[in-house]
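Protein chains: 6
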Amino acid sequence: MALSDLSLEDLEKLDLTLHEPAGLDEFWARTLSAADAHPLDVHREPVVTHLTTLRHEDLSFAGYDGHRINAWLVLPAGAEGPLPAVVEFVGYGGGRGLPQDRLTWASAGYAHLVVDTRGQGAAWGSGGATADPVGYDVSTPGFMTRGILDKDTYYYRRVFTDAVRAVRAARSLPEVRADAVCVAGASQGGAIALAAASLSPDVRAVMADVPFLSWFRRALQITAVEPYTEVVRYLSVHRDHVERVLDTLDHFDVAHLVPRATAPALISLALMDRVCPPSTVWAAYRRYGGPAELSVHPFNDHEGGQTHQWRRQLEWLSALLTAPGASA
Amino acid sequence: MALSDLSLEDLEKLDLTLHEPAGLDEFWARTLSAADAHPLDVHREPVVTHLTTLRHEDLSFAGYDGHRINAWLVLPAGAEGPLPAVVEFVGYGGGRGLPQDRLTWASAGYAHLVVDTRGQGAAWGSGGATADPVGYDVSTPGFMTRGILDKDTYYYRRVFTDAVRAVRAARSLPEVRADAVCVAGASQGGAIALAAASLSPDVRAVMADVPFLSWFRRALQITAVEPYTEVVRYLSVHRDHVERVLDTLDHFDVAHLVPRATAPALISLALMDRVCPPSTVWAAYRRYGGPAELSVHPFNDHEGGQTHQWRRQLEWLSALLTAPGASA
Amino acid sequence: MALSDLSLEDLEKLDLTLHEPAGLDEFWARTLSAADAHPLDVHREPVVTHLTTLRHEDLSFAGYDGHRINAWLVLPAGAEGPLPAVVEFVGYGGGRGLPQDRLTWASAGYAHLVVDTRGQGAAWGSGGATADPVGYDVSTPGFMTRGILDKDTYYYRRVFTDAVRAVRAARSLPEVRADAVCVAGASQGGAIALAAASLSPDVRAVMADVPFLSWFRRALQITAVEPYTEVVRYLSVHRDHVERVLDTLDHFDVAHLVPRATAPALISLALMDRVCPPSTVWAAYRRYGGPAELSVHPFNDHEGGQTHQWRRQLEWLSALLTAPGASA
Amino acid sequence: MALSDLSLEDLEKLDLTLHEPAGLDEFWARTLSAADAHPLDVHREPVVTHLTTLRHEDLSFAGYDGHRINAWLVLPAGAEGPLPAVVEFVGYGGGRGLPQDRLTWASAGYAHLVVDTRGQGAAWGSGGATADPVGYDVSTPGFMTRGILDKDTYYYRRVFTDAVRAVRAARSLPEVRADAVCVAGASQGGAIALAAASLSPDVRAVMADVPFLSWFRRALQITAVEPYTEVVRYLSVHRDHVERVLDTLDHFDVAHLVPRATAPALISLALMDRVCPPSTVWAAYRRYGGPAELSVHPFNDHEGGQTHQWRRQLEWLSALLTAPGASA
Amino acid sequence: MALSDLSLEDLEKLDLTLHEPAGLDEFWARTLSAADAHPLDVHREPVVTHLTTLRHEDLSFAGYDGHRINAWLVLPAGAEGPLPAVVEFVGYGGGRGLPQDRLTWASAGYAHLVVDTRGQGAAWGSGGATADPVGYDVSTPGFMTRGILDKDTYYYRRVFTDAVRAVRAARSLPEVRADAVCVAGASQGGAIALAAASLSPDVRAVMADVPFLSWFRRALQITAVEPYTEVVRYLSVHRDHVERVLDTLDHFDVAHLVPRATAPALISLALMDRVCPPSTVWAAYRRYGGPAELSVHPFNDHEGGQTHQWRRQLEWLSALLTAPGASA
Amino acid sequence: MALSDLSLEDLEKLDLTLHEPAGLDEFWARTLSAADAHPLDVHREPVVTHLTTLRHEDLSFAGYDGHRINAWLVLPAGAEGPLPAVVEFVGYGGGRGLPQDRLTWASAGYAHLVVDTRGQGAAWGSGGATADPVGYDVSTPGFMTRGILDKDTYYYRRVFTDAVRAVRAARSLPEVRADAVCVAGASQGGAIALAAASLSPDVRAVMADVPFLSWFRRALQITAVEPYTEVVRYLSVHRDHVERVLDTLDHFDVAHLVPRATAPALISLALMDRVCPPSTVWAAYRRYGGPAELSVHPFNDHEGGQTHQWRRQLEWLSALLTAPGASA
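Residue numbers (the UniProt record's numbering), protein chains in the order written: chain A, 1 to 328; chain B, 1 to 328; chain C, 1 to 328; chain D, 1 to 328; chain E, 1 to 328; chain F, 1 to 328.
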């Protein structure tokens with residue numbers, strides 16, 4: 001294992017002029033307002049887990065185009081709410097899994113909403129439960145190139161919209177403090193969290209570990225392992241569509257979206273990360289619109305900070321929410 | 001490179017009692033009759049290729065549920081028809097490509113129809129052009145597990161139906177001898193060709209090289225490389241769905257379908273094939289309903305016989321079509 | 001991914017005559033009675049974790065030769081004891097990690113003791129905290145060959161003794177029901193759990209997932225990946241020491257020890273496990289002395305059943321402990 | 001897959017001062033004039049192929065030192081000549097294959113001569129048919145280091161001379177327009193085409209895809225995959241022969257030869273090419289003596305542009321040959 | 001690392017009926033008698049090595065067709081002869097190297113002749129010095145398929161003849177006891193040693209470690225790594241030449257030749273050998289014509305016994321040569 | 001194989017300001033003076049080897065903390081002493097092996113002492129014989145991280161001290177010229193030799209091939225293969241200990257120690273070395289305190305110069321020891 005990209009010193013010097021597309025705000029305004037046509041329609045059902053300190057519910061809501069998105073809601077067993085909440089998004093290929101997979105934030109006293117990524121969940125872990133009920137044009141195996149020839153049909157248009165709706169769903173719960181809904185995730189989950197924070201004014205804080213989907217134009221050139229390579233493979237076949245594909249990606253590039261975010265952020269980066277190279281994460285961190293802190297893991301690959309990072313998040317979030325004026 | 005499975009001697013001794021599901025015929029009868037509700041609606045458009053000995057058309061027809069399936073029709077430039085025809089299906093991840101990719105059968109005097117596999121085409125070659133306009137439940141990256149929890153929603157239900165419709169479309173062309181429409185393909189293309197021959201009474205001959213999608217229950221246990229492993233990966237996550245998934249696959253297992261075929265077949269098998277292990281191909285060959293010949297490539301991996309095999313096909317098909325009584 | 005060893009049908013037919021060494025009982029009686037010379041000397045210290053539903057303590061006790069062994073004790077925050085307990089051992093190369101790594105059994109109402117494996121913890125996860133204060137003869141990188149030329153100096157002599165002492169430490173805690181101390185673990189952790197159950201009369205139940213260290217003589221011949229290969233590498237250099245090394249291993253082979261166990265066991269096995277091949281796990285299951293159940297994961301590698309298996313364990317253990325006469 | 005070398009921007013800035021050896025022109029003049037001592041002695045024999053739109057001949061001619069070099073001549077079946085011609089050279093390890101492998105240029109109305117590379121053909125494809133009847137000093141497995149200690153004995157001295165003779169043989173055919181003989185090839189074939197265009201005044205156009213054998217001194221340092229590595233492996237053993245080997249290679253370096261070429265050229269380069277790194281191809285393009293166009297494939301490895309590139313070649317060559325004054 | 005083939009128990013049961021070709025003896029008689037037409041023509045020249053206990057000479061002799069074959073002759077510095085001698089052949093891709101590479105047998109009091117393998121030497125080690133001045137038909141990179149379409153042109157016909165001549169050269173040296181010339185080698189070197197012992201009546205003893213070139217028909221089917229795979233690759237391309245190639249190989253199969261040998265043999269075999277699988281070595285051992293001993297290395301790959309084996313050879317050979325009547 | 005790091009031109013420009021720790025001299029003075037408390041206590045025992053030109057002894061001495069360190073002493077059989085001596089250290093994972101492994105320097109007239117590295121010897125070769133009788137804190141598999149949290153407990157503190165003692169032991173032998181004791185080794189052995197030359201005033205010359213353990217802070221960032229990666233893996237788990245670990249390593253960094261050396265040095269470096277990247281070796285060479293020569297192997301990986309380099313060492317050392325005033 002060696003540095004996968006630039007050293008920290010070289011990151012500092014990196015030119016971060018990116019390729020933000022002209023109608024980015026309009027595109028997302030149009031997208032989200034179309035989603036508003038569908039009521040949230042939150043369903044909740046208790047789940048038997050054999051656990052005693054936590055209680056789980058199978059929660060779903062209407063996401064993009066009203067499609068049903070599934071999640072687990074986890075609460076401390078005897079908690080008197082309303083509680084601050086963490087809405088968590090999942091890494092590439094994973095799903096919300098089994099309820100017993102998700103013990104973390106609720107064990108720390110938060111309401112925890114673990115949201116499926118549509119269509120994903122069958123690559124690792126304990127599975128997903130949310131269909132992607134939309135067909136697509138020709139794609140490379142994986143999710144990265146579904147509908148990639150047009151920003152209106154791109155897979156992540158649906159996913160990011162689902163995420164904004166998940167925040168809204170969390171805010172609607174009686175057990176949750178609507179002014180303390182945070183978003184979190186690692187890798188793809190971190191990217192979705194950053195997107196949600198950029199597109200939702202109501203997010204209280206964002207914790208994004210080794211986020212994916214950032215600075216696509218650079219990532220495609222320097223990343224030799226999956227899943228950025230799905231797009232490279234697509235373009236190695238569809239040699240005529242390079243500009244069209246890059247234009248689509250520009251509208252979903254987290255490094256383009258984050259200047260719009262305002263909530264405090266804790267971002268982590270691993271200097272030996274071969275999946276989400278440090279420079280791409282760095283761009284998201286440096287261009288982030290709100291106050292941002294960075295955790296650097298100098299000797300880690302894409303596994304990043306794992307529980308070390310969660311420990312830091314527990315402290316950071318607790319301090320944030322209990323700071324003077326925090327609940328204002 | 002070494003034998004990937006059994007030697008030829010051990011193949012001969014292999015027990016080929018398979019797991020054909022009860023309602024197989026009914027399922028396909030129902031599926032194909034539902035497809036009949038849609039007219040074929042063949043569209044044709046000439047294509048400029050800078051070639052002089054061949055002419056190409058961009059041909060499409062209505063496949064499963066009326067979805068538009070694209071193909072290239074290639075004809076010898078000055079041919080006076082009607083000609084015998086070869087309908088070719090493509091290997092996993094590939095598409096019909098560019099017109100200039102397809103010079104073979106028409107150069108030998110056949111009408112040649114190269115049919116896209118819906119949603120595929122962006123993994124290798126020159127691309128595909130046919131969307132798969134249907135959403136799916138959670139799946140592993142790739143096409144193998146799309147809709148796999150139910151035979152009615154499984155991806156290959158659509159693909160095999162498209163293939164039957166492609167044969168029908170070929171038979172409808174004025175340049176084609178309706179009594180001499182053959183099917184061909186390698187790997188996934190060979191499996192689709194065998195399925196088409198099993199489900200269409202009208203196929204004149206089938207040429208299937210190192211066919212995929214055969215004897216799933218064995219293939220999943222002995223194959224260590226993609227794409228059978230997509231299903232294994234799915235089941236490694238969705239540990240509770242083993243029986244449901246195997247039941248779905250049983251309805252699309254080429255080794256279950258081929259006893260229904262009657263057209264003469266030329267099948268090839270490679271003894272060092274790691275992608276489609278010899279025993280799985282052997283099962284399709286031995287259980288095939290019509291007269292079948294086998295080409296064995298003892299020292300090849302999944303590339304099989306390549307042009308050596310095509311040369312044999314050229315001779316075999318020519319002999320078949322010119323045999324006394326061949327056009328009866 | 002394919003079957004890594006025998007199919008379930010072939011496992012059933014496998015000859016399980018093993019190579020149990022003559023003085024096995026005497027060796028362990030001598031070893032454990034020497035350990036008895038050291039008082040348990042349990043130390044406990046509360047840990048701040050920012051968690052609310054659980055409380056953690058940093059617990060240590062005197063293991064082999066009085067060496068200090070560290071563990072986390074995790075308890076449901078407001079639990080009124082005494083509680084049934086699960087003593088968990090860790091997989092090869094891992095350590096007890098951070099307190100926040102360990103939320104499982106206590107969230108289900110158990111006292112949970114997560115025990116370090118001496119010297120290990122720096123290969124994955126969040127780290128270990130227990131030294132192995134003993135020097136060794138020449139060894140291959142790793143822990144498998146430390147002191148391997150003599151059963152008296154072998155590394156796992158210390159580790160298994162530490163485990164027996166861990167059970168004893170758990171039984172001594174006022175929060176714990178001494179008649180309901182169970183052991184658990186996966187891979188190396190599963191092997192240690194089986195060893196503890198075989199060497200401690202007081203274990204109430206054992207849950208061992210894809211256990212390691214079983215049927216060494218076969219494992220060394222059929223396993224191509226780490227860590228069994230550490231021993232192979234050792235023997236590829238020290239070609240003269242084969243018999244000596246195998247004799248040592250015979251004294252630590254879980255398949256030799258388990259006939260002595262009597263507590264109910266739930267064991268899991270994965271048919272595509274390349275690290276701990278199914279036949280080696282099967283031997284431990286079939287030779288187990290008490291009532292044993294087996295979970296088979298047909299499409300998994302060494303990750304085995306993960307949370308699916310834990311869910312089954314939660315149900316199995318709950319049923320076991322609440323069965324009529326369970327506390328007798 | 002990532003950039004394998006420099007980005008396009010950095011290629012533009014690259015210093016292309018190379019290491020052209022002193023007597024390069026004299027060496028090749030001497031070599032080719034020695035070859036002139038042998039009459040071309042073209043043999044032709046019809047081949048049965050079962051194809052109807054094309055006819056194939058087994059053609060051979062006397063190459064270096066009069067050695068017999070085999071080729072396929074492919075013609076549109078009913079063509080009235082004389083036709084423009086494409087002489088094609090083959091990639092490393094391949095041969096002319098079977099006649100049925102070669103349908104491309106003749107289907108577009110050209111006379112097509114596919115020339116074997118002596119001794120090669122048994123690494124992929126359908127085989128070669130031309131011996132290399134010359135012994136060599138010690139070499140690394142492969143063809144790259146045969147006779148490498150002296151420019152007079154080096155393998156490619158024979159191969160490049162064979163290529164010049166192949167152009168001459170094509171020009172001698174009655175079906176061919178002697179003023180419209182072009183050369184083409186990919187990888188090694190592209191390098192041989194460039195060499196032929198540099199050493200033959202009579203070439204009408206050259207089409208070289210991802211050409212090999214260019215800027216050896218740089219390629220040996222930056223290429224980690226075969227076949228440039230054959231030379232590296234040779235030098236890792238014969239540590240004393242570095243200067244001697246580099247001197248030999250300097251005489252066969254396509255980047256040294258191409259300033260002598262004058263025919264229009266269409267060259268392609270792939271930015272993720274690990275076999276023939278972009279900078280080495282770039283050097284051949286930039287130093288090319290005649291008018292040169294470049295196709296860049298930004299997301300391809302050594303497969304380059306494949307049929308996309310052929311489509312471009314069809315258009316480019318057609319425009320070139322039909323331009324006003326083209327036949328002058 | 002795991003067993004690469006059969007266990008020792010299963011080797012014992014293996015059917016060793018092989019495919020010895022009809023005219024094998026005639027072929028070799030004819031080959032060797034043709035070689036007899038050339039005088040041995042031994043040249044010797046002292047070499048400066050900076051060593052004090054040994055002295056080296058650069059020795060060459062006329063091999064197949066009179067081609068010059070180079071060797072090192074190493075002698076104990078002050079030895080009073082004549083000495084028993086060991087003629088050593090080298091593993092695939094290696095050469096005699098530098099004189100300083102060869103200190104073993106002469107340090108034990110033997111005359112040591114290290115013989116180059118024609119054309120080889122540039123793949124590892126310190127190099128070779130012997131050309132293979134013969135051209136060949138199409139071949140796969142490497143030496144295994146040179147001239148493979150005919151037993152008369154096959155590469156190893158030359159190599160084995162060179163080896164018989166090397167024994168003769170050693171016997172002709174005044175420093176050497178002509179009745180005590182032994183042959184030795186590992187891998188390819190072991191195969192050549194066995195061939196020399198089978199084809200030369202004058203060999204006193206043979207020491208062959210993990211010999212190559214034995215039981216080709218089986219080796220090609222079960223070996224997944226180089227260099228047996230060179231032949232597989234050849235046949236994967238030249239699919240029509242399988243029988244012709246196997247017939248050629250039958251004439252050079254060490255397992256076919258060894259029944260003719262009579263000198264005592266010490267052979268070694270490694271049960272995890274992936275290059276020369278145990279069953280192929282076993283065949284050579286079991287079919288050996290003279291008295292044969294076997295060293296088994298149960299946990300080694302193709303490195304076999306290395307110095308452990310040499311130590312055994314030193315003892316075995318010393319005992320053999322000093323046995324009562326040994327010099328008769 | 002490609003350049004693994006910088007080219008020779010770029011090495012010349014590299015900034016070699018390193019991170020030498022404050023109390024380095026004091027640390028080593030304290031360490032070595034503590035070792036002085038133990039008498040050398042050299043034991044010698046003849047070994048039977050069946051060799052005639054050399055005689056071997058099994059020699060041991062008291063190393064760090066009086067621990068017994070084993071070595072082979074090899075002498076020319078009939079040599080009249082006292083002789084110059086070479087003390088050789090071994091590469092990572094290897095041991096002194098069998099006596100028959102070690103024929104080199106004694107065959108050139110030197111007394112040769114081959115010293116075990118404590119605890120190592122079971123990863124390759126013929127084995128080691130020296131225990132490391134010290135326990136350690138948690139470590140990653142391998143030797144690199146044993147005791148790494150504190151310079152006082154670090155593994156290489158013991159190893160370097162053993163090496164200084166080995167030089168002293170060699171100087172004490174009656175067969176050895178005390179003013180002509182040299183040190184040598186490759187990789188880890190080269191690093192230990194450089195450390196010994198830096199910490200012992202009495203070394204006459206040092207020959208270090210592709211030395212390891214140099215410029216750790218850079219090596220950890222740019223090396224992707226073992227064994228530097230053991231430290232990276234440790235730090236990927238123990239994320240909190242980065243500074244502590246780097247501080248430890250600073251005290252054993254050969255590039256920090258060598259400015260203290262004064263004996264003439266011959267160092268080699270391979271430009272394609274992936275294990276010990278050229279820049280790290282370069283730092284040791286450039287910062288070396290005495291007169292230093294560099295051998296560069298431009299096309300070699302970590303195997304470096306092998307016998308080519310030994311030939312150069314034979315000449316270099318002979319010239320050094322016979323230079324006018326050499327024995328002064």
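Calculated from the structure, these hints are not laboratory results. Mixed in with the good hints, there may be bad ones.
Heads up, the list lumps identical chains together, so a pair's fine if it works in one copy or across two of them.
[Stated by the list, open to error] Using 25 Å as the maximum straight-line C-alpha spacing, the simulated SDA-like pairs for lysine to any residue come out as follows:
(1) Lys-13 - His-67
(2) Lys-13 - Glu-293
(3) Lys-13 - Asp-65
(4) Lys-13 - Asp-41
(5) Lys-13 - Ala-292
How would you label the pair Lys-13, Glu-293 (within, between, both, or neither) given a Cα cut-off of 25 Å? Within one copy only: 18 Å inside, 36 Å across.
Evaluate Lys-13 and His-67 at a C-alpha cut-off of 25 Å and name the case that applies: within, between, both or neither. Classified as neither; 44 Å inside a copy, 51 Å across copies.
Checking an output row: Lys-13 and Ala-292, CA cutoff 25 Å. Within, between, both or neither? For Lys-13 and Ala-292, the Cα distance is within 25 Å only inside one copy (18 Å; across copies 37 Å).
What label fits Lys-13 with Asp-41 when the C-alpha limit is 25 Å: within, between, both, or neither? neither (48 Å within a copy, 56 Å between copies)
Within a copy, between copies, both or neither: which one fits Lys-13 and Asp-65 at a CA-CA cutoff of 25 Å? Answer is neither: 42 Å inside a copy and 50 Å across each miss the 25 Å cutoff.
Violated hints for the displayed structure, listed by number in ascending order: 1, 3 and 4.
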